[in-house]
Amino acid sequence: MKQLIIAGLLAVTATAWSQTTVKVEDAWVRGTVATQKATGAFMRLTPSVNARLVDAKSPVAGVVEIHEMVLEKDIMRMRQIPGLDLAAGRTMELKPGGYHVMLMDLKQALKGGEQVPITLVFEDDAKKRFTLDIKAPVTALGGGNAPMPMKPGMDHKH
Amino acid sequence: MPSISTFISSRRQVLVWLVASGTLLLSGCDPHTSGLYGGNSPFKGIDITGADYASGFQLTDFNGQTRSLNDFKGKVVMLYFGFVQCPDVCPTALSRAADVMQQLGPQAADLQVIFVTVDPERDTPELLREYMAAFHPSFLALTGSAEATQRTADEFRVHYKKVPTGSSYTMDHTALSYLFDRQGRIRVVLRHEQTADDYTADVRALLAQPA
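One line per chain: the protein sequences are A and B, in this order.
Each residue of the first sequence is one higher than the one before, starting from 1 at the first, in the numbering used here.
Each residue of the second sequence is one higher than the one before, starting from 1 at the first, in the numbering used here.
FYI, nobody ran anything at the bench for these hints, they're computed from the structure.
Hints may be right or wrong, so weigh each one.
[Stated by the list, open to error] Listed next, with one range per pair, are the computed distances between beta-carbon atoms: (1) D85(A) <-> D52(B): 42 to 50 angstroms; (2) P82(A) <-> K161(B): 18 to 26 angstroms; (3) I81(A) <-> E126(B): 26 to 34 angstroms.
[As the list claims (entries may be wrong)] In silico contact screen, one side only, chain A against chain B (beta carbon under 8 angstroms); selected entries: (4) V33; (5) L71; (6) M104; (7) D105.
Since the structure is predicted, the reported quantities are computational estimates derived from the model, not experimental observations.
Backbone N, C-alpha and C fix where the C-beta goes; we use that ideal spot for every residue, glycine too.
Isolated chain B, as found in the complex (with noise of 0.2 angstroms):
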């Protein structure tokens, strides 16, 4: 039977190893978990305030009509990059950001949810208006040339790759949704393992914050 001191001991070198296995994966390489605020954040998402990417876009909508960040000022932004050919995690992302109005009660007229497409080649501006009217009519997408897509997707640290599948090709992408305050400042990262509640919050923190 270990004594009581071995057993202090050993309590004590869990939790050294917890802390320290916590502070690693606090830590990790992930470009996006480098917020400035850290264990502080106020968010359920990661907190990127401050962060020197992210800025903003100049991109095409579904209308035809040129948009960029400063159109939406006064309102939150959630912004995903995705491709209507999917069948999995982009219309799961499409169906909370849809939750996450219906939570928000009249405060969604505040929230402007954007789609980005990285498949600009099949995503046309028709198909678009379609696909986001199937989740929300006051959803937006927005979509460019090859080059301006690429652009707008390295301003975003978002990664994406057509992969050819049988006679066809799918896209890989990166599936975090950003936030942007009604100043039009970037604040938020979330991960697309996060739930509606958890997007809901951050909106909500953001939404309290004056324009």
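Excised from the complex, chain A in its bound form (with noise of 0.2 angstroms):
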């Protein structure tokens, strides 16, 4: 709960300082077991004005990737896409069974609780390029498809 708070906090703030703004919620990380290498960050993003994730960093990953996963005829494809287009005012939701920021070659482990720092970088209809820092709380694998913690009652399945 308290780091719901923060985590919605670090994003109000983050958006507040930029001038086009992308809100962020609801990011989290899935966690993973030692000598894993690669895992994925989900989120919703909302921009103010058109815009596009052009490219991401992360201090614990050497590569990060912006990933498409796309289901045919039941065998599941997962693609790097060289970025993904953002509507003015419209929530683009990174969930599992479709977008996610892939993290590769991962630098640790990453427990549930944690707090995986995340650049997102973007792109203006002008092309000009403007980034946004989060932190993205890590459910534990085996923690379901969710940010952790969740709210009491509150509703993740979709």
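Each of the two chains sits in its own frame; use the hints to bring them together as a complex.
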């Protein structure tokens, strides 16, 4: 609960400082076990103007990519995409079964409750880049497909 | 304004169209939809009872022990192919399997969840053991040589492929779950889009059948 409020505050402060704003909500990273080298970060992004998520960086990962997961005839395919277009005022959800920020070449195991700093790099319509620093809490591996901690009584299944 | 007869005729056309398109959907080219019982299946998943594939496996578990389907006779087995460095479908499938265990209550003791890695190169026994334990203490993971992995995937008509990304690689793979009954016969294939409730219902249906 406390972490949720802090995460919320962080998102609010970050957006208040930047001129072109992207609201980041319910960011979370899937936890890993030792020697696991890759995982995903998920979140909801709502930009104030048309924007494009073009890159991301994190001190916990050697390589960060933007990925799309598609199921085609029951085969899961995961691909890096060059960017993710965000429409002004519309919420784009990065969630299991769709898009995620892929954290690869992990430098450490990510345990439930830890915070992962991620810098999101966006481009506006004029191709001007701007960044947003977030801290995404880790949901322990096996802790389900939702940000942690969950609000009591809050349904994260969509 | 259309006459009543035109109305009826167009309604009939719509009905015919719906039936025809439904049939087309059911007879799609997916190899897993060729179940023998078609629309009368008691399962939420695809009934493949009597299929001439998915007959079994022989691989090594994360403790180094050779495992085949025979080892689990008397239990219902849920088998899934995946890989650990997978941020999305594999943990989602394993979380769902853990939900199924919870929904089953005491009956969970009669369900064996097995994860077969399609990435034996990176998924070491130690990594697999730790990864499975994060979801449920009873979950087992199997691995094998490149040849044994390919042979097993072929037996289940499972597709997998290494795809380079950046300096690393990811795996495309079939994201279906296979259910065997207590006698070790292949019975049901469940899709990734299906819910834990669907999975639990099919496991329960199989548990209700005699060992």
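Hints, one by one, checked against the model:
1. A hinted range of 42 to 50 angstroms for the beta carbons of D85(A) and D52(B) is consistent with their spacing of about 46 angstroms.
2. A hinted range of 18 to 26 angstroms for the beta carbons of P82(A) and K161(B) is consistent with their spacing of about 22 angstroms.
3. Taking the beta carbon of each, I81(A) and E126(B) are about 33 angstroms apart, inside 26 to 34 angstroms as hinted.
4. At its closest, the beta carbon of V33(A) sits 4 angstroms from a beta carbon of chain B; the interface hint therefore holds under the 8 angstroms criterion.
5. Restraint check, L71(A) versus chain B: the minimum CB separation of about 6 angstroms is within 8 angstroms; hint holds.
6. Against a cut-off of 8 angstroms between C-beta atoms, the interface hint on M104(A) holds, since the closest Cβ of chain B lies about 5 angstroms away.
7. With its C-beta approaching chain B no nearer than about 7 angstroms, D105(A) sits inside the 8 angstroms limit, and its interface hint holds.
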